Amino acid sequence: MGVIKLTSIKNMKKQQWIYIFSLFFCLHLQSVESQTLTTSSNYHTAGYKITLPVGYDLDKTASVNIRYKAVAANGWLDGFPPERVTQAGEDAFIGSLFYLQPGIDYQLEATLLDSFPTVTSQTLPVHNLTARSEPNIVAGAIVKWVSPTGSSTLYTVTSPGNLSALLSSGAVTCGTTIYLKGGTYFMGEMTLNLTTDCTENTPVNMMAAPGETPIIDGGYTDPLVWTQDAADPKLYSAALPPETAFSTLCVLDTVRLYPYPAVEQINWNNITHPYYLRALNLGDNGFVRDANTIFIKTAAGIDPNTKTVTLSKYNYGLVVYGNGKQNHLNFKGITFKNFGKAKVLDFGATIYADRTLDLRDINHLTIDSCHFEWNGLGIYITGNTSNVTVQNCRFKDQTGFWSHAQVKKANDVYFLPLLGLVIPSTFGRFVENAAISMAGTSTTNYVVRNNFIDGFSNGTSANFDNAQPNVEADFYNNTILNSYDGIECDGKWSNLRVWNNEVGNTLAGISLAPPQVGPTYVFRNVFHHIISRRNTQDDPYYIGCQPVTQYFGWGVGIKTNSGASGDAALYFINNTFHTSDSIGFAMYSWDSEWRKFHSVNNIFSSENKHLLFITNAKDNADFQFYSERDNYYCPNGILLEIKEMHGQFDCHSTNNATEMQTLLQDITGGDLAIFEQPSQHDPQFIDPSIGNFSLDVNSLLIDAGKAVAGFYDFLGIAPDIGAKESAVVSASNPVQTEASLSIFPNPTAGIFEIQSDSPVQSISVIDSFGKMVWIANNAGKVDLTGFSDGVYFARVNAFGKVLIMKIVKIGR
1 MGVIKLTSIK
11 NMKKQQWIYI
21 FSLFFCLHLQ
31 SVESQTLTTS
41 SNYHTAGYKI
51 TLPVGYDLDK
61 TASVNIRYKA
71 VAANGWLDGF
81 PPERVTQAGE
91 DAFIGSLFYL
101 QPGIDYQLEA
111 TLLDSFPTVT
121 SQTLPVHNLT
131 ARSEPNIVAG
141 AIVKWVSPTG
151 SSTLYTVTSP
161 GNLSALLSSG
171 AVTCGTTIYL
181 KGGTYFMGEM
191 TLNLTTDCTE
201 NTPVNMMAAP
211 GETPIIDGGY
221 TDPLVWTQDA
231 ADPKLYSAAL
241 PPETAFSTLC
251 VLDTVRLYPY
261 PAVEQINWNN
271 ITHPYYLRAL
281 NLGDNGFVRD
291 ANTIFIKTAA
301 GIDPNTKTVT
311 LSKYNYGLVV
321 YGNGKQNHLN
331 FKGITFKNFG
341 KAKVLDFGAT
351 IYADRTLDLR
361 DINHLTIDSC
371 HFEWNGLGIY
381 ITGNTSNVTV
391 QNCRFKDQTG
401 FWSHAQVKKA
411 NDVYFLPLLG
421 LVIPSTFGRF
431 VENAAISMAG
441 TSTTNYVVRN
451 NFIDGFSNGT
461 SANFDNAQPN
471 VEADFYNNTI
481 LNSYDGIECD
491 GKWSNLRVWN
501 NEVGNTLAGI
511 SLAPPQVGPT
521 YVFRNVFHHI
531 ISRRNTQDDP
541 YYIGCQPVTQ
551 YFGWGVGIKT
561 NSGASGDAAL
571 YFINNTFHTS
581 DSIGFAMYSW
591 DSEWRKFHSV
601 NNIFSSENKH
611 LLFITNAKDN
621 ADFQFYSERD
631 NYYCPNGILL
641 EIKEMHGQFD
651 CHSTNNATEM
661 QTLLQDITGG
671 DLAIFEQPSQ
681 HDPQFIDPSI
691 GNFSLDVNSL
701 LIDAGKAVAG
711 FYDFLGIAPD
721 IGAKESAVVS
731 ASNPVQTEAS
741 LSIFPNPTAG
751 IFEIQSDSPV
761 QSISVIDSFG
771 KMVWIANNAG
781 KVDLTGFSDG
791 VYFARVNAFG
801 KVLIMKIVKI
811 GR
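Letter 461 of the sequence shown, counting from 1, is numbered 461 in my numbering, and no numbers are missing.
Keep in mind that the hints were calculated from the coordinates and are not lab data.
Be a bit skeptical, because a hint or two may be false.
[As the list claims (entries may be wrong)] Simulated pairs of lysine-lysine, PhoX-like, Cα-Cα distance not exceeding 20 Å:
(1) LYS332 - LYS181
(2) LYS408 - LYS343
(3) LYS596 - LYS60
(4) LYS181 - LYS144
(5) LYS781 - LYS806
(6) LYS781 - LYS69
(7) LYS596 - LYS706
(8) LYS332 - LYS234
(9) LYS144 - LYS343
(10) LYS396 - LYS332
[Stated by the list, open to error] The following label-pair restraints were derived from C-beta to C-beta distances:
(11) SER442 - PRO242: 18 to 26 Å
(12) ALA300 - GLN684: 24 to 32 Å
(13) MET805 - PRO635: 36 to 44 Å
(14) VAL71 - MET805: 45 to 53 Å
Here the structure is a predicted model, which is why all the values come from computation and not from measurement.
In this text, a Cβ means the ideal position worked out from N, Cα and C, and glycines have one as well.
Required output: the full structure, derived from the provided sequences and hints.
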């Protein structure tokens, strides 16, 4: 049924209007009863979707109220409201529940509210869900042992076999555990094909043997014979062993060399680029290679004959074909290193990027406590996949220190159209890689958590360009340092949740380029020491409000590229952004790309030139930025700089937080830039120099935030502003003292009672890391029996008074 214009309605006869109203009303009543509510759970979160039948809410005036609770809890909690979205032609409300506990049963209740053609309220039946249980990787019934020198077909602990032979034998079936004995496995380009459905009780495991440290190594470290160049004594060359042809990896002792475009400045190269190994004019020590020869040059003229040079022999470590089955595949405790060789075919016309673990069409996958060092792409997950967990892993590389120009140019090749050839030695090949990359065609239920990632082009990368949205992903408790993009979540994501991560010393903290679907929730993250990078004149570089004299890529906490916008809603809640760089910004906005950008309780801080930069803003009435209770602090510069148009230098700025809304609305000509109750205080971080962005006890940001439904992880009478919730109660917002609250017993073995001089409205318990572990309404008894011993804080809301008490749990 189409939209009827008001002018047409005025000219209708009364009977026509009654007929249309009645038809609309009947469709509305019929469709209200046919809503469907589905959920999908991860460990600490759950997504829900209320699918709307055709004909319902054509004017999009409906809304949904959400409430939820643990089944064992006495009272309901209000949930964060969902988003009204259209995905693949289907209308729905989509949202998330946060801070759930693994394996716990919950209930969810949704009430649909609509105002046209009549005011209606419809509560859907209570929906039951269970948070995903923690993975438990244990040996299966079938155990096969392998070792670096194993050759037996018995695969016993005393007669181990060969890993590559076992994987390709077809003998790895449901219930098989492959135990890798310690030592180095010099092997790669292995394949495992899984063709049957397995269960949680009959998984396929590939894991370190108890107490052992296996290393799968794709490197080549045999000495080469290096010859010094007669014309350039800092340039050395050597013949390449055939198995190392086109190696993208070249490590000189412990330093990864940059793969330069070319070694000589000859005429045809000038058509393509002005950058050469001989000149080192991309700024780093480097190398060039093809199928037969490798050249190395360093600024210090290091002789490679005196060092260990590590190259790569293999294009990939292991490819697993899951064939869309319920695989229940687990990896644990294995180190993978030195997989970084491009595979070049057809005179360079066909090129396969290097990757370490290549996992395709797999369902139920866990990668736990594995290490990845000096690889191209670490973990690559593609195809139709679901229920993936990557946790407790460590990733180490140095590509994250390179400039934008270096990363982008290393992906290119040079094509000679007249000869029909690609020159394979020209460009470095595929170093724009990630520690963890997810590039599937349809995915659901991804968890990336508790990982340490250092020195990658992309820390975690989730790039999807398929037609269907990818749903239910959590990136949390990760530390990502010295990378180009910290967390890259480009493409079509729905119910994407990024939380409690530390991202430091990156060019971009989080990349959403551009946001297309949504909703996306970014909360409790610290993006710090956002930095600029030296760049080149023919690459994107920062152009501020005056002509450029130095070519640098700017750093940004929130990155969204200009381009097609989608039906995206972005929520940034309780994050901390920090930069000390002169062209590092908390946010640099090219254009208006999101339907909704809602920012609440965030700290935006800069120690240097300016904090926020918005360009192409003139008469851009669609530009939207809705800020609530955010703190903006830039003591040595300006808070907001606005550039009217690309290619021009007309700029406007303010260093007063209360003036930002008026300035933005005047220039954009719209009313979608709103700043509610902004503050401009020194956050008083404890020590940014060592990455400690907790608030000092005297910070005015303690208890100064806005309480947000669904986010019950704060102490005191209100959330603190920023990512780090302090256990200290604000002196300017005093609460009842501990004398009005009693907890017995304390210390406790797990169960304790709370007595207050006022009726208890709600209780939440937070651990020493600031994570909420227990919550209930109208309860006087708390049970922490299943939790670890240690210090906890009980936050009790007793009708107008918020009371906080430290609890010591012992004797689990």
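Now the hints, each set against the structure:
About 13 Å separates the Cα atoms of LYS332 and LYS181, which keeps this hinted pair within 20 Å; it holds. A C-alpha spacing of about 19 Å is found between LYS408 and LYS343, which places the hinted pair at or below 20 Å, so the restraint holds. Of the supplied pair hints, the one linking LYS596 and LYS60 holds, its CA atoms being roughly 15 Å apart against a limit of 20 Å. As the CA atoms of LYS181 and LYS144 are separated by approximately 11 Å, the hinted pair is consistent with the 20 Å bound.
In summary, the hint linking LYS781 to LYS806 is supported, as the alpha carbons are separated by about 15 Å, within the 20 Å threshold. The suggested pairing of LYS781 with LYS69 holds, with an alpha-carbon distance near 16 Å, which does not exceed 20 Å. About 19 Å separates the Cα atoms of LYS596 and LYS706, which keeps this hinted pair within 20 Å; it holds. In summary, the hint linking LYS332 to LYS234 is not supported, as the alpha carbons are separated by about 44 Å, beyond the 20 Å threshold.
Between LYS144 and LYS343, the direct Cα distance comes to roughly 32 Å. Violation of the 20 Å bound is thereby established for this hinted pair. Note on LYS396 and LYS332: the hinted pairing holds, with a Cα-Cα distance of about 17 Å set against a maximum of 20 Å. At roughly 39 Å, the beta-carbon separation of SER442 and PRO242 lies outside the given 18 to 26 Å, and the hint is violated. For the pair ALA300 and GLN684, the beta carbons lie near 44 Å from each other, so the given range of 24 to 32 Å is not met.
Here the CB-CB span from MET805 to PRO635 is close to 37 Å, well matched to the stated 36 to 44 Å. Under the hint 45 to 53 Å, the C-beta atoms of VAL71 and MET805, about 26 Å apart, miss the expected range.
In the structure shown, a violation is registered for the earlier hints numbered 8, 9, 11, 12 and 14, in ascending order.
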